[in-house]
Structure formats: C-alpha cells, structure tokens
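**Q** Dock chain L against chain X, hints included.
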Amino acid sequence: MEIQNGQSVSMSQLEVLPYNTFYSDIIGLMEEPTAHCVNYFAVPRDERLTLICCIAVNASHSIHVLRSEVGRDDKLLPLTNMHRAFHVFEREIHELYGLQFQDHPWLKPLRYAHDRANDASIYDYPFFNIQSEEFHRVGVGPIHAGIIEPGHFRFICEGEKIHHLEIQLGWQHRGIERLFVEKQKLLQRATLAENIAGDTVVGHSTAFCQAYESLAGYQLPEKLAFDRTIALEQERIAIHTGDLSAICTDIAYQLGNAVFGRLRTPMINFFQQWCGNRFAKSLIRPGKTNFPFTPQLADTWRNTIAKYKPHFIEMGEHMFDLPSVLSRIERTGIVPTTTARSLGLVGMAAKASGIEADIRASHPYLRYNELNIKPIVKTSGDVFARARVRYEEVLASIQNIERLIDLMPAADYQPQTELPLRPGMLTVSLVEGWRGEICHCAVTGAGGQLTAYKIVDPSVHNWMGLAMAVRNNGISDFPICNKSFDLSYCGHDL
Amino acid sequence: MLKAFKIWFHQGKQYIPDVTTTDVPGIFRGRPEITDAKVDEDALCNLCPMDAISAHPLRIDLGRCSFCGECAFACPGKIRFTKDYKIAHNTREGLIVAEGDNKPFVLDADSIRSEIRRLFGRSLKLRQVSAGGDNSCEMELNATGNVNFDIGRFGIDFVASPRHADGIVVTGPISENMAAPLVDAYNATPDPKIVILAGTDAISGGLFVDSPAIDRSVLKDWHIDLYVPGNPVHPLTFVNGVLSLLGRKNR
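Listed in order, the protein sequences are those of chains X and L.
Going by the numbering used here, the first sequence opens with residue 1, and the numbers climb by one from there.
Going by the numbering used here, the second sequence opens with residue 495, and the numbers climb by one from there.
Please note that the accuracy of each hint is not assured.
What the hints assert, rightly or not - The list that follows gives simulated cross-link-like pairs (lysine to aspartate or glutamate, EDC-like), each with its CA atoms no further than 20 Å apart:
#, chain 1, residue 1, chain 2, residue 2
1, X, K185, L, E535
2, X, K185, L, E609
3, L, K507, X, E314
4, L, K497, X, D321
5, L, K500, X, E31
6, L, K497, X, E317
7, L, K619, L, E609
8, L, K500, X, E317
9, X, K185, L, D536
10, X, K183, L, D536
11, L, K497, X, E314
12, X, K185, L, D704
Everything labelled a hint here was simulated from the structure, so no lab data went into it.
Here chain X stands alone, though its shape is the one from the complex (with noise of 0.2 Å):
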C-alpha cells in the first residue's frame, strides 16, 4: 500500500502477501533508483510473525507498506542478496525472533539486543579474519580514547594500511524501543525520544512526535509545525558547527578547533534560551509544547546569528583554503557514489557521495514543503566532501530560519495532554536529522494501546559506510573518517 510521510493506515488494510510475493514486490520497487527501505521488522504475533516492510521512494514523495506473515521455522530467502541495504534489518530479526535466512551473506549479531533468541555473547563476535603472515589485527574499544561512546573496531591491516574493518555495536543497548510499549505516560514516552540519541534530541522528539499525533489522528496546529521545522535547522546548525570543530581537532588544527567549538556554544546556548535545555530537551511534546517560539525569540536568534555568521565563515572560509588542512581531508576516507548507492547510505554521507538523500526534500513534512529545500550534494565522498556539507548546511539552515520567522503564524491552537491512540493502526513517520533519515514506525493493538515501536536511526544505515571508506587508508586517519560520518552509538544499539 502507498502512503505519505506521516500518515496511518489501518493494520487489516494491509494486504498480507505471501513472503515470495512479498519478496519479490520488493525486489521490484527497489528497481526505482531513488527507492530505499527506510524501516523493516517483524511484530510477533501468536506463533507467527508479522513482517512489515517501508520502502520509500523519492521520485514519487511516497512510501510503500508491504506486510507478510512468516512462521517463525520458516527458512527466507534473504533480501539481503539483490540489496545489501537491508542487511541491517534481516540481521535484527533473525537475533530478535532466531528467524533463519537461507544463505545470508552476513547474518552476524546486530546489537546483542536482551531479549535476543540466541545466548550469544558480545564478548565473542565472530569476526572476520584473514590468516596470513602480511596482516596483523588491531582492536579498538569498546572504551575509546576520547569522550565518546562506546564501539569496538577491529581492523586487518598491511603495516599502516588498513585492508579490512569491521564494527561491533551493541554496547550502548538500553531496550528503548521495548520501554516505549511498556511505559505509559504520554509525558515518558516524550521523554524517552529525547533519550533515543542526546545529539539529536529535536530530530527524533519531532519523528516521535508526527508518529504519535498521526496515531492519535490529530491534526497538528500551523504553530507547532513552525516551532519544530526552527528547532530542526537550529539543532543542525549547532550540531553540524560541533562536528566542524571536532574535524579540525582530529587533524590537530588548533584554531579550526578552538574557533568552532566556542562558535558552537551560542548555537546550544539559543536551545537554553528558548526552552532551558542547551540540547532542546523539553522542548517538542505532542499536541503541546511548553515554550512556543515568540516575536522576542525570533529577534534573539537574529541578533545571535548576527554575531556568529561573520566568524563562522571567516573561520569555514580559511580554513577550506587552507593547504595543511585540505592535505589531510581530500581524498582520505572516500565512498563512491556506486558503494554508496549500494550500501543504501542517507543524510550527509549520502550527499557527500553524490546522492541526493533528503527527506525534507523528498517527502516534505511540517513547513518544508514551502521552503523548498535543494539538497547540498558534494561527489568527491572524502572526509572534505563530508565536512564541506556541513559547512554549507549550516549556511542553508541559517537561510531557512530566516525565511520562516517572516512566516511566522499566529498562536490559536488549545494543547492536548492527552492523545488517545486509534486501535489496529500502523504509522511511518519520516524527518531528516542533521545526520540524516530518522524513521520511526508504531504500531497500535485493538485497544488502541501501542504494541511495536520500532526507531531507525540514520547510523544504522551508515555504519557499514564507515566500515567502507577507511579501506586502503592509514590506520592513523581512522580517527578523521570516524569524525567525518559522525555516527551514533545508541541511535544504533537503541
């Protein structure tokens, strides 16, 4: 079935396709090249287990929601052959439910996730070895160097070359998506999509958000749409300053470091002025919010704006001219757009590879579709093409507040506390975060309670765009790539 961005459909208007059937609709949708699985899982249902499947199409700004039903001895043919995309996914349902897939390619733990099917432990992956008296491995993590989440890296190398790299996550697993059907205070379950990833706070509060109103069938009022499109091009200028910062600290160039980082800080700081909360917490509520953006805010950001636009290009400007840093971010780290394509990658990997991957250009949500996004697309895929993006976002970004607070509407809505859900519905609900494609997919049970929320966080798409790009380069700029993609731990582990 064909829907929108954001818009329910009844579970018993879901066709349920035998799995070859279902296999190969979708073999056949993913022929459109703009096509991509945003999101696909299993839902257990008595002994059975119900797959859904979201592919989303660009050209035609729509998604597509095909459903199967598979006993749970079932041997499938992996979807994971034609596309390798959808590793990811295949991988969670095969730990989740121990569903087999026949000749999977890459059936390894996804997240060690606690309510696996298997006993296996994270402390034993089975990783991917060459034995050969040429390489030797290098294991990095869980605990890393820096302040930073947990990951383990384990690479095969020539010397200083790296030849191989394969990433373990499941380190940061919290069972979040489990405690959004368990906990049941509207206010918890906000709170919890401000945990899901603390970089991206206003990205995934927003995906919550549209999922939960579209459940509720709640028609979101002109303000409140306003106030979350500002908070996401806020959240990207800030973040996206951030990461600039820690580019150039990776690359040991000092005044790139220092300059972007105390830039950063007025960015967060605007979050606290408007809401108390320099990473947005608190802010994005369904049916509410407790600090709307007023007239006297919108002055507020243009006169900070005012004084940090000059110096963030003065300083982006330098240092994209600057020899010793262009010496140690072009060509390091390069995905072609063919693997990138391949690897199903989104957001600012993907169009720094040459892909144009954008929601908010794609299927517009909120105030986007009068603001016209063109999406920022670099071809060289290196760790320049990736930080020029987000030099050039946050330009864009700066351009799109700009152009809202002339648009900005009246507040006459009345906030809702609470949103009772409609009963046997299934939602898709899709916004690009600074680091790209967030979906978030719920499903509801006859009572109208929920009974599957599932997140896919941009990272879980990436990681393998990471694992990728550091082939053939030295051991030593693994740090710039890993900065470059920006991933996240828990966005992944969840």
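**A** Quick look at chain L alone, frame taken from chain X:
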C-alpha cells in the same frame, strides 16, 4: 598566517573569567525551590515522567529529575526552578530537595575522603566511560574543556587511559553490555581513585532503571564521590561540583 592571526584577533576573549559566579543565559532550570503552598501533591507525583517527586512533604530527587519543568508549569506557585547550576553533591541524599529547603547546596565535608583534597587538590586527571549514555552528557563533558569553560585551567583534565587517571566519570544508565568494560576501566585506574556519576541516567538509571537491558549492580561495590545531576549535565554544574569536591572554592 596573517589570516589566522586576523581570525584569532577577531575572536577576542571567549573564556568565562569566573566559572563559579557567571550567569547562564536564558531560562536554565537548576536547583528547584518548593514553597509550602497547598497543591494536589499526588497529582504532581503522577505527572512526573521520571518518578522524581514524592509527596508529604513534597520532595524532588535531582538524581532522578530530567529537569523538564513540567511540574513547575503545572504548579507554578509550588515549584520554581532557579538558575542555580551548583547542584552537584557528594551524597545521594544530598540531591533530594524538600519543601522549604531554599538554600544553596553544600557538600557534606565529613564524608569526603581526606586523601581526595590532599592528593588531587591541585591536579585531577579523569577517565570518562559512557555506559549507555545518549551522547548529550558526553558532549557536555567535552564542552568543559573548550575555550569557554576551560576546565584545564584548574588542573583538571580528561585523559585517554584509565591508567593515567585519578578517577572515572560514568555517564549513562549502565547497559548490561557495558557493565564488564566499565569494571575493567575502574580496575585499571590506580588507587586511590574517585568515582563521579554524571547525569540523571548514571545517578539513578533514569527512565531506563527497570529495563532488563541495564545492569547497575557494579555500583554497589563502589564508593561514589560525586553525583552531578542534569539531563544532560551542564558544564558549569560539572566544573563547580568537581571544584567543590576538591575544596577549591567555598561551595
């Protein structure tokens, strides 16, 4: 080179001259104050998403609070969040603010181990471990070292190896999968060492406390020297908390 100097010059002074007295911009929610106004306390307890509020008398546990401010919106005459960011304490009970407790936090000097100030008073190296943290606390701890907050000026630094550290800072509710690596990091830190829990998730488990994917049992065996509340921890809360622990300022 000239361009670089120009940028340098244009930046001016960016550091906060006194991190113990500076004002935070906007509507920061720090130490709450609770009046004796009569309200439906059970309704407030039920409203709180974090189960941080208990009734008769009304108390807010900052170790559980997410600082969302919903309670203050519901009962503005009863609860008010002040801009006081000095909300770290060295005891777990010290984080509970009760009706009428309208005074700044002071550490419990008797329960600070004597070797802390003697050994680490002028130099403290910390190793951070994220155990299910959502990366907001991690980013704020990173920010303590940036040119604005510049925690390095006090001789306090985050280091790469636990073997170089005088203590560890834990963020996140402690996922089961990270419990063993966290113990490894703790054991690799030479004695005597301090332990700091940073953020609501680390202090109490937050919303994740009853998730089966969490394992907080390691904390039972450790002496916790400082609790730094926040969701995430504000850099000023962290800096001031550590300075208080080290006896580097009055409160």
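**Q** Against each hint, give a clear statement of whether it holds in the structure.
**A** For each hint, the structure was consulted:
1. Note on K185 of chain X and E535 of chain L: the hinted pairing holds, with a Cα-Cα distance of about 18 Å set against a maximum of 20 Å.
2. A C-alpha spacing of about 46 Å is found between K185 of chain X and E609 of chain L, which places the hinted pair above 20 Å, so the restraint is violated.
3. Between K507 of chain L and E314 of chain X the CA atoms are separated by roughly 17 Å; this keeps the pair inside 20 Å, and the hint holds.
4. Among the hinted pairs, K497 of chain L with D321 of chain X is consistent with the structure: their alpha-carbon atoms are about 11 Å apart, no more than 20 Å.
5. Taking the CA atoms of K500 of chain L and E31 of chain X, the gap is about 53 Å. The hint is violated against a cut of 20 Å.
6. Distance hint between K497 of chain L and E317 of chain X is fulfilled; the C-alpha atoms sit about 10 Å from each other, no more than 20 Å.
7. A distance of roughly 15 Å separates the Cα atoms of K619 of chain L and E609 of chain L; the hinted pair therefore holds under the 20 Å criterion.
8. With a C-alpha separation of about 13 Å, the suggested pairing of K500 of chain L with E317 of chain X holds against the 20 Å cut-off.
9. Restraint check: the Cα-Cα separation between K185 of chain X and D536 of chain L comes to about 15 Å, which is no more than 20 Å; the hinted pair holds.
10. Restraint check: the Cα-Cα separation between K183 of chain X and D536 of chain L comes to about 19 Å, which is no more than 20 Å; the hinted pair holds.
11. A distance of roughly 9 Å separates the Cα atoms of K497 of chain L and E314 of chain X; the hinted pair therefore holds under the 20 Å criterion.
12. For the proposed pair K185 of chain X and D704 of chain L, the alpha carbon gap of about 15 Å is at most 20 Å, so the pair holds.
Of the numbered hints stated above, those contradicted by the structure are hints 2 and 5, listed in ascending order.
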